[in-house]
Amino acid sequence: MSLPPEAVLIKQGAEARVYKIPFGATTAIVKERFRKTYRHPVLDEKLTARRVIHEARALHRLRKAGVDTPTLYLLDAAKSLIYMECVEGPTVRDYINAGTLTSDQETTLAESIGKSLATMHELDIIHGDLTTSNMLLREGSNALTLIDFGLSTVSSMIEDKAVDLYVLERALISTHPNSEPLFQLILDSYAKHWKDGKAVQRKHDEVRRRGRKRTAFG
Amino acid sequence: MTMYSLPALFNPPPADSPVAKVPLSNPSPPIHLSLFRNVTNTSEIRKRIISGDKTVPECALINAATILEVFQIQMACTKALLLQQQNAMRTRSLYSEILFNLSPSSNINDSLKQFGVSDSSTSLLVVMLGPEPSNEVKSRVSSLIAGEQVGLEVLPTLTDLPLVSKIYKAANGPKGSLERGQLLAIVVGAMALKGHT
Numbered sequence: 001m002s003l004p005p006e007a008v009l010i011k012q013g014a015e016a017r018v019y020k021i022p023f024g025a026t027t028a029i030v031k032e033r034f035r036k037t038y039r040h041p042v043l044d045e046k047l048t049a050r051r052v053i054h055e056a057r058a059l060h061r062l063r064k065a066g067v068d069t070p071t072l073y074l075l076d077a078a079k080s081l082i083y084m085e086c087v088e089g090p091t092v093r094d095y096i097n098a099g100t101l102t103s104d105q106e107t108t109l110a111e112s113i114g115k116s117l118a119t120m121h122e123l124d125i126i127h128g129d130l131t132t133s134n135m136l137l138r139e140g141s142n143a144l145t146l147i148d149f150g151l152s153t154v155s156s157m158i159e160d161k162a163v164d165l166y167v168l169e170r171a172l173i174s175t176h177p178n179s180e181p182l183f184q185l186i187l188d189s190y191a192k193h194w195k196d197g198k199a200v201q202r203k204h205d206e207v208r209r210r211g212r213k214r215t216a217f218g
Numbered sequence: 001m002t003m004y005s006l007p008a009l010f011n012p013p014p015a016d017s018p019v020a021k022v023p024l025s026n027p028s029p030p031i032h033l034s035l036f037r038n039v040t041n042t043s044e045i046r047k048r049i050i051s052g053d054k055t056v057p058e059c060a061l062i063n064a065a066t067i068l069e070v071f072q073i074q075m076a077c078t079k080a081l082l083l084q085q086q087n088a089m090r091t092r093s094l095y096s097e098i099l100f101n102l103s104p105s106s107n108i109n110d111s112l113k114q115f116g117v118s119d120s121s122t123s124l125l126v127v128m129l130g131p132e133p134s135n136e137v138k139s140r141v142s143s144l145i146a147g148e149q150v151g152l153e154v155l156p157t158l159t160d161l162p163l164v165s166k167i168y169k170a171a172n173g174p175k176g177s178l179e180r181g182q183l184l185a186i187v188v189g190a191m192a193l194k195g196h197t
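Just so you know, the sequences run in chain order A and B. Each step along the first sequence adds one to the number in UniProt numbering, with nothing skipped, and position 97 is 97. Each step along the second sequence adds one to the number in UniProt numbering, with nothing skipped, and position 64 is 64.
Derived from the structure by calculation, the hints contain no laboratory data. No experiment lies behind these values; they were computed from the predicted model shown. One thing to keep in mind: the hints can contain errors.
Claimed, not checked - Reference listing, derived: stretches of chain A covered by chain B, where coverage requires no fewer than 3 residues with Cβ under 8 Å from a Cβ of chain B:
{"id": "1", "region": "12–19"}
{"id": "2", "region": "37–44"}
{"id": "3", "region": "65–76"}
Unchecked claim - Per label pair, the in silico range of CB-to-CB distance:
{"id": "4", "chain 1": "A", "residue 1": "106", "chain 2": "B", "residue 2": "169", "range": "35 to 41 Å"}
{"id": "5", "chain 1": "A", "residue 1": "98", "chain 2": "B", "residue 2": "169", "range": "35 to 41 Å"}
{"id": "6", "chain 1": "B", "residue 1": "122", "chain 2": "A", "residue 2": "153", "range": "45 to 51 Å"}
{"id": "7", "chain 1": "B", "residue 1": "25", "chain 2": "A", "residue 2": "178", "range": "39 to 45 Å"}
All C-beta atoms in this analysis are idealised placements derived from N, C-alpha and C, irrespective of residue type, glycine included.
Could you build all of it, start to finish, from the sequences and the hints given here?
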């Protein structure tokens with residue numbers, strides 16, 4: 001017996017709701033960017049539509065460059081929906097928290113995170129919300145899969161890329177105790193995988209000293 | 001003909017009353033596919049379609065070399081139905097819209113040429129939407145196409161992979177040529193983003 005088709009809400013954020021739905025022979029994730037009643041309706045519609053497309057484009061560009069992301073299935077711009085592949089597998093957060101990581105596994109993990117982030121930044125895509133919950137390990141291939149590009153931006157500035165890494169560093173340290181060595185491994189792998197990696201790494205040192213926000217004066 | 005279902009689409013609940021479970025109300029109609037290989041009369045078929053021959057059954061005739069998997073067709077059909085619902089179709093009929101949706105290009109003419117029947121195509125995929133076609137329609141399909149009808153499981157062997165990579169600009173992958181599953185992901189993504197870039 002099959003269950004009646006229905007979408008199940010799995011996550012609610014400030015910008016969007018995420019549903020899991022049966023999708024033909026498979027399962028899909030639908031991400032709905034809902035309207036903001038505090039914004040002027042015309043402005044809201046424009047902003048929302050642009051962001052939906054922006055997010056879908058980021059997913060697709062990364063996939064083309066060989067960074068694993070959920071496959072984009074369908075875009076419903078009128079209803080602000082993105083249909084995408086439902087990637088099965090644990091989050092990196094759960095994987096680390098299971099506490100069974102050998103040092104070899106930790107090195108492999110850091111290597112693949114660094115490589116994915118390097119490729120992403122090479123495409124001038126800034127994720128905007130890098131945390132270990134936004135990284136999955138795809139079932140089967142174990143490939144590092146980046147998700148949730150809802151806050152992503154496009155920028156070629158070293159500064160923005162360094163801040164992206166800094167956000168990850170803070171997230172890592174606050175969710176995983178004693179993860180400083182892991183982050184260092186990620187940085188090393190990152191620097192190794194693209195030509196501007198070293199420059200971003202240097203900038204990251206500077207961001208680390210002063211915090212995420214740049215001083216506005218002087 | 002082999003029947004495939006299309007996924008039901010999602011309609012977001014009203015913003016002021018979000019709920020944890022949303023029923024997917026409107027099931028999409030199914031699609032019916034037939035596959036022909038070693039087709040010898042493509043130029044005749046094309047002429048008959050262009051001249052508006054009424055004996056040609058209503059269907060989408062697709063150059064099977066451009067198709068990786070049935071999933072690609074399912075997505076093109078789903079998008080066509082969605083656009084029809086929203087009165088946002090770019091072409092005149094649902095079937096031409098399906099052909100058009102397969103293409104990453106927003107040029108209608110080029111898309112129809114590339115994915116539809118062309119003089120050079122040798123294998124054809126017939127797509128029909130809705131209830132099971134009658135025997136009369138089925139016999140009109142088989143009398144239109146001079147070729148060998150084969151099961152859908154043959155479809156992957158008819159794909160022209162270099163052509164697909166070229167059309168969807170997927171050749172610049174990390175290692176040159178891509179694994180089929182990876183290529184499908186790029187193809188489906190490009191189809192979804194079409195018109196939005």
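Going through the hints against the structure:
Taking a C-beta to C-beta cut-off of 8 Å, the region 12–19 of chain A contributes 3 residues in contact with chain B, enough for the three needed, and the coverage statement holds. Coverage of the region 37–44 of chain A by chain B is violated [criterion: at least 3 residues with CB-CB distance below 8 Å; count 1]. With 8 residues bearing a CB less than 8 Å from a CB of chain B, the region 65–76 of chain A meets the requirement of three and the coverage assertion stands. Distance hint for residue 106 of chain A and residue 169 of chain B: a CB-CB separation of about 37 Å, consistent with the stated range 35 to 41 Å.
Roughly 40 Å separates the CB atoms of residue 98 of chain A and residue 169 of chain B, a value that falls within the hinted 35 to 41 Å. The hinted range of 45 to 51 Å is satisfied by residue 122 of chain B and residue 153 of chain A, whose Cβ atoms lie roughly 47 Å apart. Taken as a hint, the range 39 to 45 Å is violated for the pair residue 25 of chain B and residue 178 of chain A, whose Cβ atoms sit roughly 50 Å apart.
The structure does not agree with the numbered hints 2 and 7 stated previously, though it agrees with the rest.
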